[in-house]
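Assemble chain B onto chain A, guided by the hints.
So you can see what is in the structure, the chains are spelled out below.
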Amino acid sequence: MSTAKNLQQIMEPDIQDIADPLQDVVEQVLVATSRCGASSAEVDASLSQGSSLTVRLGEIETIEHNRDKSLSLTVFFGKKSGSASTSDMTADGIRHTVDAACSIAKLTAEDDCGGLADADRMATEFPDLDLWYPWNPDTGTARDLALQCEEVARQMGDAISNSEGATVSSHEGVGIYANTHGFNGIRYGSRHSLSCSVIASDGEAMERDYWYSEARDRTEMQSAEEVGRIAGQRALDRLGSRKIATCQTPVIYEAQAAGSLLSHLISAISGGALYRKSSFLLDHKGKKIFPEHINISENPYIPKALGSAVFDNEGVATKQRSIIKDGILMDYVLSSYSARKLGLLTTGNAGGVHNLMIEHGDKDLPALLKQMDTGLLVTELIGFGINNVTGDYSRGAAGFWVENGEIQYPVSEVTVAGNLLDMFQNFVEVGNDLDWRGNTITGAILLEQMTVAGE
Amino acid sequence: MSEIMELARQRLLEPTALGDQDLDRLMSRLLSNQVDYADIYFEYSRHESWNLEEGKVKSGSHNIDQGVGIRAISGEKTGFAYSDELALPALEQAANTAKAIASGGENKQVAVALKGESNRALYAAIDPIGTLADQSKVDLLERVEAEARKQDTRVSQVMASLSSVQDIVLIAASDGTLAADIRPMVRLSVTVIVDDRGSREQGSAGGGGRFGLTVFTDSDRALQYARDAVQQALIKLEAKAPPAGMMPVVLGHGWPGILLHEAIGHGLEGDFNRKGTSAFSGRVGEKVASGLCTVVDDATLPERRGSLSIDDEGTAGQNTVLIENGILKGYMQDKMNARLMGVAATGNGRRESYSCLPMPRMTNTYMLAGESDPEEIIASVDKGLYAVNFGGGQVDITSGKFVFTSSEAYMIENGKITYPVKGATLIGSGPEVLTQVSMVGNDLELDHGVGVCGKDGQSVPVGVGQPTLKIDELTVGGTEL
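Keeping their order, the protein sequence lines are chains A and B.
Quick note on numbering: this note's numbering labels position 438 of the first sequence as 438, and the sequence is numbered without any gaps.
Quick note on numbering: this note's numbering labels position 439 of the second sequence as 439, and the sequence is numbered without any gaps.
Source of the hints: derived by calculation from the structure; they are not laboratory data.
All C-beta atoms, glycine included, are put in the ideal place defined by N, C-alpha and C.
Worth double-checking, as some hints may not be accurate.
Claimed, not checked - Listed next, the in silico DSBU-like pairs over lysine-lysine satisfying Cα-Cα at most 30 Å (straight line):
no.	chain 1	residue 1	chain 2	residue 2
1	B	115	A	277
2	A	243	B	287
3	A	69	A	106
4	A	80	B	150
5	B	150	A	106
6	B	240	A	287
7	A	277	A	319
8	B	150	A	79
9	B	383	A	285
10	B	275	B	287
11	A	243	B	275
12	B	383	A	243
13	B	383	B	416
14	B	287	A	80
15	A	288	A	325
As the list claims (entries may be wrong) - Looking from chain A toward chain B, a few residues come up when the C-beta cut is under 10 Å (computed):
no.	residue
16	81
17	93
18	103
19	113
20	208
21	275
22	394
23	405
24	408
25	412
For reference, chain A alone in the conformation it holds in the complex (with noise of 0.2 Å):
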């Protein structure tokens, strides 16, 4: 394979030294697979390594330190199938388990649908995606910041009573995913986050709010006094909370709380779920689902950023490519399997999407507040209430309301419901405010309206 000689060319020697012993694992368990008989096999060998620190009212809590292997394989006897699991990476760990998938192919049914991702769809090129900055800080600088973030959050206002910490951690990982067509790529990536969560009471009431950033390039975190502000005045910001009269109202979710309702439409429109019949978007493709001004697209090469990926969890090659283009649903979410259940190729989405990010406005979110002028902004929400098969939605929030296009006091005990398919098409904007924390990248999301019930 010409993989490895690509990749010691744009990595720090370190990855591949982590590489090298997976290699060999990796070698080991497809050797094994086809002394066992099967037909095919894959496998996928990863290692993760790293440390979390915890300070709480000024003083140390926790000290963390993680490593952890794990080897994962499935092997093919024709159309049927077995996998196994195992952190045990030694000879013996790999025979057991290899024997192990075998055993369990030798018992399931036969599966049209089923075996590797085609040949033809591996990744070919593997471009650095500049997604490798160990830091590994040691316990007196993870200290000292965990400290200063905690300390700024608590002097915010009188009212910060309490603290749940702040914590630094750093990890970073690689892994390798191999199969018998002779595909063989290395996976590897950074990632470190400073939080801080605390508490404000009024004598009366207390209320927790907390802030984090992530990133792989720990220089492209926010500094610890900017965590430790934000974090301190969302707790002061909730303090004196009420419930408002049960209404229909316009919403506004906060960047970070919208970030779920992307995440509920890519599982509707995941293979899985249609195939099942279980989503409420099933033969939606080619439809409008969205007002025509939104655009979602997935984006899985942007350097450095969470979600990037050159391959999916199969090998195949990941694609920059529009989801939702001028509100019509361009294409589902699907894996090798999914897709031939289907009837259509797949789209390199084993393991999930890969930066998913929603065409935004130019508006910031007082603006979008202006734009609303009277409704609920939404900054937290708790519960699972969404039905994938009807699109049913009801969770529990919390918030602030807003009159004129102000913030006029905190909301808490309340539920925002409706229909995802009404949601959707209830997008009225979206802000500039785009939170890249995660594998969902969007700005404050305004939505023309919905029930809250409360009092």
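Okay, now just chain B, sitting in the frame of chain A:
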């Protein structure tokens, strides 16, 4: 229990020739510096699952995970490291990393006498994976599928899965604890989709516990789950839009006990209360519920999903009264929080695996039966919601606000159940909701054994239960004004 200890030693210590003197040496290595407490947690876990869809068992998987977690505590500080290798050099390295939390300080040499105590075993020390031949597991899932399809021609999809886990743990701690447990767990789940001329709905059911798989083949249990899932889906097909706003809510018995888990259970975990971050902090002895309510967390029920002969710190599982006749009696504790709060550990120290830190967690949380006839409870409501089945829930322990989402519910009008309504999220305030309980049924039931509780990213199996309850006022998050 000595047999359990012997089996645990064979699996966890003997393969790498670890002996008692090695545990002693590791423990004294951990106890140098200013370490107050240390523990070493060995775990071997084997998991198998089989999945059916479209009438065929198309996939199966098998997982083995083993390792050791080492923790050192100094005051309120915790150092933690783990290894997936059980050999001594890896353990020594993890011990050095963990104890670095307590830097400096004089060496206090403490000799620890590790002593095994006998605890009552609440479940058999079996490997449930081996309790049924693999072909019989496949056959069982196929029977479940056939039973579901037989119920109604509108059943368009049946998905069923069967999973079995054996978890073997051995715990050595600086307080002299030397304990082992062998924990079986099985679970069978069924999800169906029904399709009535393009109108679709989903229903799910399932159950399990700490026993072997033959429970599913020797009884009607598995087939009953199939029937329940179909019935739930068909009812949802007929359901109308749910109401929005505050109204009386009657909760059915059994799984709706998730109310107790979310509304008060999490808020009564010792760590939040030691830190003063729970809406229930500092409220022991106060009235937090109507006098009709007595709530316990009970790890001692035989073979239940949330039961534990010993917790993950080696403390025997207990039946802890949380609320008695409306008065808050105490919290659920692990060793660290119990020590820092000056109370006794309650056997609630749990962890997802060797690679996670233990913390106070629930086991089986339920409300004791009251005196009302369930029919009389429904008859007492003019206009309200009767919710008999739920999906998940969540709580903000600091503000006390909690939600749980109904998956099967009906309108009550003039004391009668009139029509089914679609799922809706119910939201309330933990410290207030139980004060609104005005009737408690005489029909206590525990759930069927499917609960998974998440906290700080760690999942553990739990149980819930309750009798039929009437809550005078709760916000229902529907769409109908």
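Double-check residue 208 of chain A for me: the hint is only fine if its C-beta lies closer than 10 Å to a C-beta in chain B. 4 Å, holds
Interface hint outcome for residue 412 of chain A [beta carbon to chain B under 10 Å]: 6 Å, holds
Is residue 383 of chain B close enough to residue 285 of chain A, meaning Cα to Cα at most 30 Å? 42 Å, violated
Would the hint on residue 394 of chain A be counted as holding, given a Cβ-Cβ threshold of 10 Å to chain B? 4 Å, holds
Take the shortest C-beta to C-beta distance between residue 113 of chain A and chain B; is it under 10 Å? 9 Å, holds
Between residue 69 of chain A and residue 106 of chain A, is the straight-line Cα distance small enough, at 30 Å or below? 27 Å, holds
Return the status of the interface hint for residue 81 of chain A: holds when the least beta-carbon distance to chain B is below 10 Å, violated otherwise. 6 Å, holds
Hey, residue 277 of chain A versus residue 319 of chain A, does the alpha-carbon distance stay inside 30 Å? 26 Å, holds
Would you settle whether the hint for residue 103 of chain A is holds or violated, based on the nearest Cβ-Cβ distance to chain B being less than 10 Å? 7 Å, holds
Hinted pair, alpha-carbon criterion (30 Å max): residue 80 of chain A, residue 150 of chain B. Please report holds or violated. 27 Å, holds
Would you check whether residue 408 of chain A satisfies its interface hint, that is, whether its CB is within less than 10 Å of any CB in chain B? Violated. Min distance 19 Å.
Measure nothing beyond the straight line between the CA atoms of residue 115 of chain B and residue 277 of chain A; if it is 30 Å or shorter, mark the hint as holding. Not satisfied, since the Cα-Cα distance of roughly 57 Å exceeds 30 Å.
Comparing the model with each numbered hint stated earlier shows that hints 1, 9, 14, 23 and 24 do not hold.
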